[in-house]
Each structure stands twice: as structure tokens, then as C-alpha cells.
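Start from chain Y and add chain D according to the hints.
These protein sequence lines map, in sequence, to chains Y and D. Okay, so the first sequence: first residue is 1 according to the numbering used here, each after it adds one. Okay, so the second sequence: first residue is 1 according to the numbering used here, each after it adds one.
Simulated from the structure, these hints should not be mistaken for laboratory data. The beta-carbon is built from N, C-alpha and C at its ideal position, and this holds for glycine as well. One or more hints might be untrue.
As the list claims (entries may be wrong) - In silico SDA-like pairs for lysine to any residue, Cα to Cα no more than 20 Å straight-line:
#1 D:K53 to Y:G66
#2 Y:K340 to D:K247
#3 Y:K53 to D:K340
#4 D:K78 to Y:I343
#5 Y:K78 to D:D306
#6 D:K53 to Y:K53
#7 Y:K53 to D:S86
#8 Y:K53 to D:L370
#9 D:K340 to Y:A90
#10 Y:K53 to D:T329
#11 Y:K340 to D:A90
#12 Y:K340 to D:I89
#13 D:K53 to Y:H365
#14 D:K53 to Y:A90
#15 D:K125 to D:Q101
#16 D:K247 to D:M1
#17 D:K340 to Y:R120
#18 D:K53 to Y:K78
#19 D:K53 to Y:R120
#20 D:K259 to D:L359
#21 D:K123 to Y:D346
#22 D:K65 to D:A98
#23 D:K340 to Y:I89
#24 Y:K53 to D:S374
What the hints assert, rightly or not - Selected chain Y positions facing chain D (in silico; Cβ < 7 Å):
#25 G85
#26 G118
#27 T226
#28 G310
#29 G317
#30 A318
#31 E325
#32 G341
#33 I343
Protein chains: 2
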Amino acid sequence: MYKMERVDGGVCAAKGFYANGVSIGLKPNNGKDMAFVHSDTLCSVASLFTTNKMTAAPIRHFRAKGEFQTNFVLINAKNANAMTGSAGIADIDEVLEAASQKFPQIANPVMSSTGVIGVRLPKAKLIAGLELLDLGVRDGDAASRAIMTTDTFPKTIAYEVTLNDGSSFRIGAMAKGAGMINPAMATMLCFITTDAAVDAPTMQLILDETVATTFNAASVDGDTSTNDTVLLLANGKSGAFDHAAFKEALHGIMLHLAKQMVKDGEGATKLVTYRVTGAENNREAEIAAKALADSLLMKTALFGEDPNWGRVASTIGASGVLCSEEYLTISFDDVCVYRKGEILFDVEAEALAAAVMQLPEFTIHCDLGLQEGSFTAYGCDLGHEYVKINADYRT
Amino acid sequence: MYKMERVDGGVCAAKGFYANGVSIGLKPNNGKDMAFVHSDTLCSVASLFTTNKMTAAPIRHFRAKGEFQTNFVLINAKNANAMTGSAGIADIDEVLEAASQKFPQIANPVMSSTGVIGVRLPKAKLIAGLELLDLGVRDGDAASRAIMTTDTFPKTIAYEVTLNDGSSFRIGAMAKGAGMINPAMATMLCFITTDAAVDAPTMQLILDETVATTFNAASVDGDTSTNDTVLLLANGKSGAFDHAAFKEALHGIMLHLAKQMVKDGEGATKLVTYRVTGAENNREAEIAAKALADSLLMKTALFGEDPNWGRVASTIGASGVLCSEEYLTISFDDVCVYRKGEILFDVEAEALAAAVMQLPEFTIHCDLGLQEGSFTAYGCDLGHEYVKINADYRT
Numbered sequence: 001m002y003k004m005e006r007v008d009g010g011v012c013a014a015k016g017f018y019a020n021g022v023s024i025g026l027k028p029n030n031g032k033d034m035a036f037v038h039s040d041t042l043c044s045v046a047s048l049f050t051t052n053k054m055t056a057a058p059i060r061h062f063r064a065k066g067e068f069q070t071n072f073v074l075i076n077a078k079n080a081n082a083m084t085g086s087a088g089i090a091d092i093d094e095v096l097e098a099a100s101q102k103f104p105q106i107a108n109p110v111m112s113s114t115g116v117i118g119v120r121l122p123k124a125k126l127i128a129g130l131e132l133l134d135l136g137v138r139d140g141d142a143a144s145r146a147i148m149t150t151d152t153f154p155k156t157i158a159y160e161v162t163l164n165d166g167s168s169f170r171i172g173a174m175a176k177g178a179g180m181i182n183p184a185m186a187t188m189l190c191f192i193t194t195d196a197a198v199d200a201p202t203m204q205l206i207l208d209e210t211v212a213t214t215f216n217a218a219s220v221d222g223d224t225s226t227n228d229t230v231l232l233l234a235n236g237k238s239g240a241f242d243h244a245a246f247k248e249a250l251h252g253i254m255l256h257l258a259k260q261m262v263k264d265g266e267g268a269t270k271l272v273t274y275r276v277t278g279a280e281n282n283r284e285a286e287i288a289a290k291a292l293a294d295s296l297l298m299k300t301a302l303f304g305e306d307p308n309w310g311r312v313a314s315t316i317g318a319s320g321v322l323c324s325e326e327y328l329t330i331s332f333d334d335v336c337v338y339r340k341g342e343i344l345f346d347v348e349a350e351a352l353a354a355a356v357m358q359l360p361e362f363t364i365h366c367d368l369g370l371q372e373g374s375f376t377a378y379g380c381d382l383g384h385e386y387v388k389i390n391a392d393y394r395t
Numbered sequence: 001m002y003k004m005e006r007v008d009g010g011v012c013a014a015k016g017f018y019a020n021g022v023s024i025g026l027k028p029n030n031g032k033d034m035a036f037v038h039s040d041t042l043c044s045v046a047s048l049f050t051t052n053k054m055t056a057a058p059i060r061h062f063r064a065k066g067e068f069q070t071n072f073v074l075i076n077a078k079n080a081n082a083m084t085g086s087a088g089i090a091d092i093d094e095v096l097e098a099a100s101q102k103f104p105q106i107a108n109p110v111m112s113s114t115g116v117i118g119v120r121l122p123k124a125k126l127i128a129g130l131e132l133l134d135l136g137v138r139d140g141d142a143a144s145r146a147i148m149t150t151d152t153f154p155k156t157i158a159y160e161v162t163l164n165d166g167s168s169f170r171i172g173a174m175a176k177g178a179g180m181i182n183p184a185m186a187t188m189l190c191f192i193t194t195d196a197a198v199d200a201p202t203m204q205l206i207l208d209e210t211v212a213t214t215f216n217a218a219s220v221d222g223d224t225s226t227n228d229t230v231l232l233l234a235n236g237k238s239g240a241f242d243h244a245a246f247k248e249a250l251h252g253i254m255l256h257l258a259k260q261m262v263k264d265g266e267g268a269t270k271l272v273t274y275r276v277t278g279a280e281n282n283r284e285a286e287i288a289a290k291a292l293a294d295s296l297l298m299k300t301a302l303f304g305e306d307p308n309w310g311r312v313a314s315t316i317g318a319s320g321v322l323c324s325e326e327y328l329t330i331s332f333d334d335v336c337v338y339r340k341g342e343i344l345f346d347v348e349a350e351a352l353a354a355a356v357m358q359l360p361e362f363t364i365h366c367d368l369g370l371q372e373g374s375f376t377a378y379g380c381d382l383g384h385e386y387v388k389i390n391a392d393y394r395t
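Excised from the complex, chain Y in its bound form (with noise of 0.2 Å):
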């Protein structure tokens, strides 16, 4: 057994990790927009990348060092260095290559970016904001707010954990999401520090079971990003490890940055789960459940509090599941509107599911009523600040 316990300090929570975030002229109004994370000693190192064909050119330069140890990722804002080609790589071998002259402690560095696509990256800014790096500063509040785009809020999360012979590790992290957030692999950017002594490929393992029903259970628009990054860094300095406590607590540590950037999904005002269960198999519950997560229909419905349950059914029979209407049960929250052919939509009925509806968090759910399978997706509502963010997001 274990205890798990919330602590402050983000990506800093764990011991020997730093972290702060500087303005370097790439966001306007002087914002943090250039980021760092370091550890005083070399970390093992598990990752997930975005699966778009079209690599940004940090992925694609983390790629090509093959296994390895790093102690530094520097990360920028505004710029994703994406459609870059070989000159992208060039500039990030070029800005890591001056950030290793200034710090020699760094080995192995490696850079993360998010930002528009298709411009080269700013490096002569890069280069010039590395004077203002302190590697011994531990503020992972100010790296959350560097590594934001269009995010509202800054999102960061750590835990102790403490085993049953009285020692202790730490994990913390921090994301950026906000737009193109999908289930083929949530598009964002969440960097994972713990000072737990795990080896890599468990790490790695680890963090490959926990993706499916975390980051990639979560959807705000259904697009995949070039730069979808996931990087955690171990340094073993507790010496503390259990891999049943390290899996919760990476688990609990995905699913709050998951929900927390559907929350701040661009223009979103509601945080909806979506529950399937009683499906062929997990798969087929997955399948509906994302479907109801990214259908435009439903977002509209929900950013216009309509419980239009007639939306949830056609949008589970439009994914291709086994289903049918005889035996498929709809309630939001408590509130049953349609259970096994039975319409329940009375004026009491919609009265209640409207009201579920007008909360900034709530539950609907869908049993098919055929087997066991069942998933959980996490979605949210599209309004007009998603149109209006995106239609100018260049500007």
C-alpha cells in the first residue's frame, strides 16, 4: 500500500529538478514565452509524439538521438518549427548548441516548441533569451505560463507518493493544450519530471498504458497537431519506487491535465464526460464515445444547454458501432431522457436535463445494452470564441 498526496511546485516538486519560464520577444505585452527544464543529474527519458506524418522538427531531431540521458529541455512558444524541412533542424541544433556553451553542466539537450506552423524558428531571439536563463531557479508556475498559447490558465499538477517502508517520490508535470486536442493522441505539449528510481523502458511502459484513457481519451476539435509531445524524466534521486504507486500516480497526474485541457479547450465553457458502457467490447465503447466527444452537433448542443438526447443516439448510430434503439439507455447526470425504446422526454424530464446541462461539469451516458465493453471520453462545448480564436489565430 501507498499514500498519495497533492504538492505544489509543478515540474520543480521533485528533488533536483529546475525550471522557470522568460519573455524573449516572441509573444506580445512582454509574456513569458521560452521556457526550461533541467535536472543536476542526467534522467532517464520515456516520450510520446504526435502521430502526424507531417513531424515537427523537434520531434523529428529527439528521433534521430536514438536512446539517450538529458538533463535540459528548452521549450518555446509562438513558433512550432513545423513544414521547417532540414533548416529546422539546423536552427534547433544551432540554439542547443549556444545554450551548451553557456551551460556546460547541460548534456543531451533537447528543444519542444508550439506555435504556427510553417515559419522559420526565431533563433536569433532564442540565442539573445538564453542570457536570461538561471538554471538554478525552481519556478515551475512561471514555465507553465511560457509554454501556453491560446490556454487561459496555466496547468500543472505534482504528487508525493509515500510506499509502505516510509520512502517517498515525487512526480509533477505541466501541459499546454487549447485547440487541435485529440484522441489520436492529445495535441499538446506536458513535460513529466520525478525524481522516482525508474529505469526507462519501465517508464516507457508504463506511460504507454496511461495515454489511452487519459490524454487520448480528451478532444476539443479533433485535430492532430505536428508537435504533440510527451516527454518524463526520471532522475532517480529518492531512490523510492513502486510501480503500482508510480502508475497511479502518473495516471491521476494524465487524467487532470487531460481534463484540465479540455476545460481550457479554445472557446470551451463545459467539461462533459462522456460515459459508454454495455458495448460489443471496449473498443466499440471507445469508438462511440469519441464520436459523441468531436461531433460538431453535439458541441453545438451543449454550448447551446439543449439536452437534444435525439443528437447522443444519432451520433452513436452514425459511428458505426453495434447498436440499436431498443436496447440503448441516455441519461444526463441522473436524469434518464430515452431507456430501451422508450421515449422519457416529458416536460418534467427535459426540465431536469436541461438543468444538468447548465453545469460547467456533468455526465452523460449511453448504454448500449449488448455486452461489457465500456470507455470514458472527455469533451467539451464549441462556441463562438473557438470560431473567433481560430479564424484569426494568425493575426
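Showing chain D alone in chain Y's frame:
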């Protein structure tokens, strides 16, 4: 060889066909909301229906008839008769039985419905409304208005085809679209009538071939409704037929209506043609082209008239087709902004591309530079009106 000419009349253009639209109190302000299509002799029938598993009652009713000939279709707006179980089927039987009693000349009548899901058909109003029908009226325009829901303009078209031997036939159609238009079978109602001398199996074959590059290439919002229907009725009265001519005419009619539906997508202000060439094969080109037409980020960029070519590249990359930035070329009409790894998006190109995006209709061409696979899809932008219409749809 043959000659094709546009003619007036819509579904009444062909010999022996009658249609009208009347107001029976389903729409506010005495809007027309019930229509019929009638032929004075029996017709061969070809049909296409939604792939949505929650198939609406009128489609299940139609399918239960097996092979048959008919001369009467009754269509209502404002109520989809979907998710209404066996009661929904019984309601149709009751309405059509009343129609048969009033009009002894009709045989094997069928129904088609569009509107809100999950509410019983207002059959008393429909039965009372039969009194307003006169099967001798030929008003294709009134019929096309009665089947509209959120459409902003009626959609009709007709051709006269004159064959080499001097014989001729006509083919005409009406459709409703707007919202819920999706490539999995463009969601809509479409009724096509012809006096060509064509048998049912031939007609079905040609219809199946034609839908892939017309209705199934059109997308408004990626959702597939419970009620999609294409009915093609042929009464043979012209005595004329030619396979190639009929196919070309049907293709012309369906492509025209598909584009009209996209153009009239809920809140849409632009009709965009996505031409993908150089793909590994036609199937891959289709996946990429439809991904572009469906992408929320593309749709909002279109609405913002922002030539954000990075989103084009990212969407193709996310679609999963074989592609690489070194081989990709992207143009907005004739303005090339990216060619095989080279960013051509200078100030001048940006101004030219921005001017293209201000047009009501234009083409985004993506050459993947690999093999010969190609496909053309049709999409629209997504603006504030889409959100407004769908947030408030039921009310």
C-alpha cells in the same frame, strides 16, 4: 453522342411527374412543410440510405417493402420520425393508409421525413393536410421549398438529354441539405425523377457509382443523420435511354445538388474545392481530401479568410495517408505557397493567397507528389452562424 440542356421544372420536368408543397402547420408562419412527388404511372425505384445504425422509421418502412414499384412519395419537414420504434412505423402506415383512401390512384406509397429526432410524427396534422393536396399540380419549386429545414434556398435542377437518334428523356431533382452533411453518405433528402426508359437494376448500379464522387464527396460538419435518403424514380414515359448519357446527366444533377448543399451548409459563406493529387492511390487521396473538408481548424481558417497553409499540411499529415513535407505542394487557386520543402509564402504570395480566400468559391490544391491517386472533395467554412443555428436548433 448526345446533347444535354438545363431545363426548368425540377422534379416535374420529366413527363408524367407531379409535385407540390403545402403548409400543414408544422413550420411557423405558414411555411410549406409537406410535399408529394407523384407519377401518373408506376415507377421503377433506386435508392440510397444513411449508414447511421439508428435508421429512421421511414427508411425502415421503405426497406421492409423489398422490391416494388411506386407512384407516390409523401415528404414532411420538422419531424424526422427517428428513435420512435415500432410506433414510428405504425404512424407511417396510418398516414399512408389515409392517403391511399383519399387518392385511389396511388400504389405502394412511401414516406420520407426530416427534422427533430425522438418526437412522434404529428400524424393528425399530416392526415388533415392530405386534404390540401392536388395530385394534378406540377409545382417542383413549391415541393422543393416544403422539404427545407435550415436550408436558406431551395435546391432543384433538371436536364433534357437528346440522343443521336433524335429521341430524348428528362431527369430532374430536388434536395435539401444544410447541417449534418457528411461524406459517409451526404446527409440529406434528394428526390430524382426521370422519364428515361431504364430498369431498376441498371438505375441502382448507376446511382451507386455516381454517389461516391458527388454526395459522398461533400461535407458540412462530418455528422451523418438518421434520415439520409436518395430516391430515384423512373416511369419510362419518354421511351428513350442511353447508359452513358443517363450516367452523365445523373452525375451532373447530383454534383450540382451536392455543391449547392455545401454552399448552403449551416452558416457557410464559402464553397471550397479540395483537390488532392499525387497520392499513393485514389483511396488515400479521398481520405486526405475529406480530412481537409472536415477539419474544424480548416473551416475556421476559411471563415477568417486566413491563408493558413500550415493547417493544410498539418491536416493532411494527421489524416494518416502516406505523405512527406519534401514532396508536398500546396496552392490556393493558382497561388503556390509551398513546394516540395520550400516555403514560398512571402509577403506577395500571402497577399495573393489572402485575396483568393476572399472569393466565395475557390480551390485548395494539394499535390502529395508520390503517385497518381486523386480525389476532389467539397467543403465549406464554419462561422458564427453554424454555432448559433445548432445551439438553438430545437427551440
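Hint check:
Under the criterion of a C-alpha separation no larger than 20 Å, the hint pairing D:K53 with Y:G66 is inconsistent with the structure, at around 46 Å. With a CA separation close to 44 Å, the supplied pair Y:K340 and D:K247 exceeds the 20 Å bound. For the hint pairing Y:K53 with D:K340, the CA-to-CA distance comes to about 15 Å; that is within 20 Å, so the pair holds. This hinted pair checks out: D:K78 and Y:I343 have alpha carbons roughly 18 Å apart, not beyond 20 Å.
Simply put, Y:K78 and D:D306 have alpha-carbon atoms about 17 Å apart, close enough for the 20 Å limit, and the pair holds. A threshold of 20 Å between alpha carbons decides the hint, and for D:K53 with Y:K53 the separation of about 32 Å lies outside it, so the pair is violated. Between the alpha carbons of Y:K53 and D:S86 the distance comes to roughly 47 Å, so the proposed pair goes past 20 Å and is violated. Restraint check for Y:K53 and D:L370: the C-alpha separation of about 14 Å stays at or below 20 Å, so the hint holds.
Distance hint between D:K340 and Y:A90 is fulfilled; the C-alpha atoms sit about 18 Å from each other, no more than 20 Å. Annotation: proposed proximity of Y:K53 to D:T329 holds, straight-line Cα distance about 15 Å (limit 20 Å). About 18 Å separates the Cα atoms of Y:K340 and D:A90, which keeps this hinted pair within 20 Å; it holds. Annotation: proposed proximity of Y:K340 to D:I89 holds, straight-line Cα distance about 17 Å (limit 20 Å).
A hinted pair counts as satisfied when its Cα atoms are at most 20 Å apart, and D:K53 with Y:H365 qualifies at roughly 18 Å. Simply put, D:K53 and Y:A90 have alpha-carbon atoms about 51 Å apart, too far for the 20 Å limit, and the pair is violated. Between D:K125 and D:Q101 the alpha-carbon distance is near 16 Å, which keeps this suggested pair within the 20 Å criterion. Pair hint D:K247 plus D:M1 holds up; C-alpha atoms about 13 Å apart against a cutoff of 20 Å.
Taken as a hint, the D:K340 and Y:R120 pair is honoured in the structure, with Cα atoms around 16 Å apart against an allowance of 20 Å. Between the alpha carbons of D:K53 and Y:K78 the distance comes to roughly 43 Å, so the proposed pair goes past 20 Å and is violated. The suggested pairing of D:K53 with Y:R120 is violated, with an alpha-carbon distance near 47 Å, which exceeds 20 Å. Among the hinted pairs, D:K259 with D:L359 is consistent with the structure: their alpha-carbon atoms are about 16 Å apart, no more than 20 Å.
For the hint pairing D:K123 with Y:D346, the CA-to-CA distance comes to about 19 Å; that is within 20 Å, so the pair holds. About 18 Å separates the Cα atoms of D:K65 and D:A98, which keeps this hinted pair within 20 Å; it holds. Among the hinted pairs, D:K340 with Y:I89 is consistent with the structure: their alpha-carbon atoms are about 17 Å apart, no more than 20 Å. Between Y:K53 and D:S374, the direct Cα distance comes to roughly 19 Å. Compliance with the 20 Å bound is thereby established for this hinted pair.
Nearest Cβ of chain D to the Cβ of Y:G85: about 5 Å, under the 7 Å cut. The hint holds. The interface hint given for Y:G118 holds, since its Cβ lies 4 Å from the closest Cβ of chain D, which is under the 7 Å cut-off. Evaluation of the Y:T226 hint against chain D yields a held restraint, the C-beta minimum of about 5 Å falling below 7 Å. Hint status for Y:G310: holds, given a least beta-carbon distance of 3 Å to chain D, under 7 Å.
At about 3 Å, the closest approach between the beta carbon of Y:G317 and any beta carbon in chain D falls short of 7 Å, and the interface hint on this residue holds. At about 4 Å, the closest approach between the beta carbon of Y:A318 and any beta carbon in chain D falls short of 7 Å, and the interface hint on this residue holds. Nearest Cβ of chain D to the Cβ of Y:E325: about 6 Å, under the 7 Å cut. The hint holds. Checking Y:G341 against chain D: minimum C-beta separation of about 5 Å stays under 7 Å; hint holds.
At a threshold of 7 Å, the smallest CB-CB gap from Y:I343 to chain D is about 6 Å, leaving the interface hint in force.
Checked against the numbered hints above, the structure violates hints 1, 2, 6, 7, 14, 18 and 19; every other hint is satisfied.
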